[in-house]
Every structure is written in C-alpha cells, then in structure tokens.
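My request is simple: use the sequences and hints to build the entire structure.
My numbering puts the sequence shown at residues 1 to 233.
All the pointers check out, no bait thrown in.
Now the in silico label distances, taken between C-beta atoms and shown as ranges:
| hint | residue 1 | residue 2 | range |
| --- | --- | --- | --- |
| 1 | 171 | 94 | 34 to 40 angstroms |
| 2 | 228 | 189 | 31 to 37 angstroms |
| 3 | 110 | 73 | 20 to 26 angstroms |
| 4 | 5 | 189 | 38 to 44 angstroms |
| 5 | 107 | 190 | 17 to 23 angstroms |
Treat the hints as calculated values from the structure; they're not laboratory data.
Where is the CB? At the ideal position from N, CA and C, for every residue including glycine.
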Amino acid sequence: MPDVADLALELDRFRGGRDVFVVGLTGAVAVGKSTLAAALLETLLAPPRALAGAEIVSTDGFLRSNADLEGAGLALRKGFPESYEIGALHTALHHVRAGPTVFPGYSHHTYDVDPALARTLDRPAALVVEGLCLTRAAPVDALIYLDADEADIETWFTDRLIGLWRAGRDDPASFYARFAHLDDAGVRQFAAAVWAGINRPNLHDHILPVREAADIVVRKGSDHAISEMRRAP
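Below, the structure written as structure tokens:
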C-alpha cells in the first residue's frame, strides 16, 4: 500500500532542479489536507532530501474576511471560489520564488482571517500550499488531489466540527461559542445542514472537477490511510 514516502518520490519527478518547489494540495473540506501536508513536510525535511526551510501555508489565509463576506452577501458561500482572494494567492505563490513574501493567516478558533498569524517566507526550498480554491491555474509545480468516499468525508467533517464545538463552546472569543446552547445531537444536525447546503454543492461544483486536472491523485480509505495513488498520464 502506498504511503507518504511514495508520494514524496513521485514529487521528486516534478521538482527537477528548482530552487523553490511549490506543491499544491487540494481536496474536499475535512478530507485531511492539513494532516497529509504536515506528513509530507516532515518527509521533505528528513534525509535524504533534507530540504531546509521547507514550509506549509494554507489557502485559508486568502479567504475574504467575515465582514467582507457578510457585506457582499456571501456569508453562506465561504469556501466557494468567490470567497477567496485568488489573485492575491497566485501573486504570493509567484513572488515567494523570488524573495520575501507575506502569507496571511487564518484562525479556526475565530473562524476568520487573523492578521497576527501572517508569516513572511523567503524562497523556501519547498512550499506545500494546502486548501481549497487550488486549480490547474494556480502557479504550482505539482498539484495533488486528496480523494476519499464522500460518505467518509462527511463523517470526518462532522467529527471535526463537533471537536471544534466542544473546544470552543465555553470560550466567548471562539466562533463556536454561539452554538453553546446545542447538545451533541443538535451539533450533528447543524453539521448535516452545513454539509448538504454548503460543502456538498461546493465539492461537486468546484472541487471534484480539479481531480481530473491534478498531477497526482491520492486516495484515502475510511481508516485515513492512503489506499491508492495514481499519477496523471
């Protein structure tokens, strides 16, 4: 069964002699992009590659602020392409190859862009950018699509939301404090509504089409392990 080491070997074929190697990693909400990106980064930092200065950034930092989305009537379209500053993302991915570039940050605690989490990166040997709104048009050297059965992804989304709710329901600064009145069953109902009304349409209309354009498709099983990996012809 393939693993992250096999994925790194596939990426070696795309890297060539690049001084700054930019890898895009996309897939559905809650499919495990951040976890795979962290495992991939660890592999890139370790021998024999030892790519000093390898970094991870998330496209979440390029989301429009909650206030901006609400003002534009897009509060319920968060995660859809129009909720991102895609031009700014592409510009940053171009500039980081040449010199210091600011990448904005995002807080899952407040569910909003957080200026305090911005980072400046300067020509990292490898940069893994993970998140939504990555397409073939993004200036990346290799594009990975993380895939799984939709039923599993919905389960992972629900479990993640419940975890965030439990961690933040008693914290007034947390986005999830507004749901403190719900019980576990209520949060599950809320998660089902968000999946059906937002995440599923976004998956089918905007995210899944990227799969056929990706350079590498990594598929996970219900146990989160990589079950299959294929490279585009």
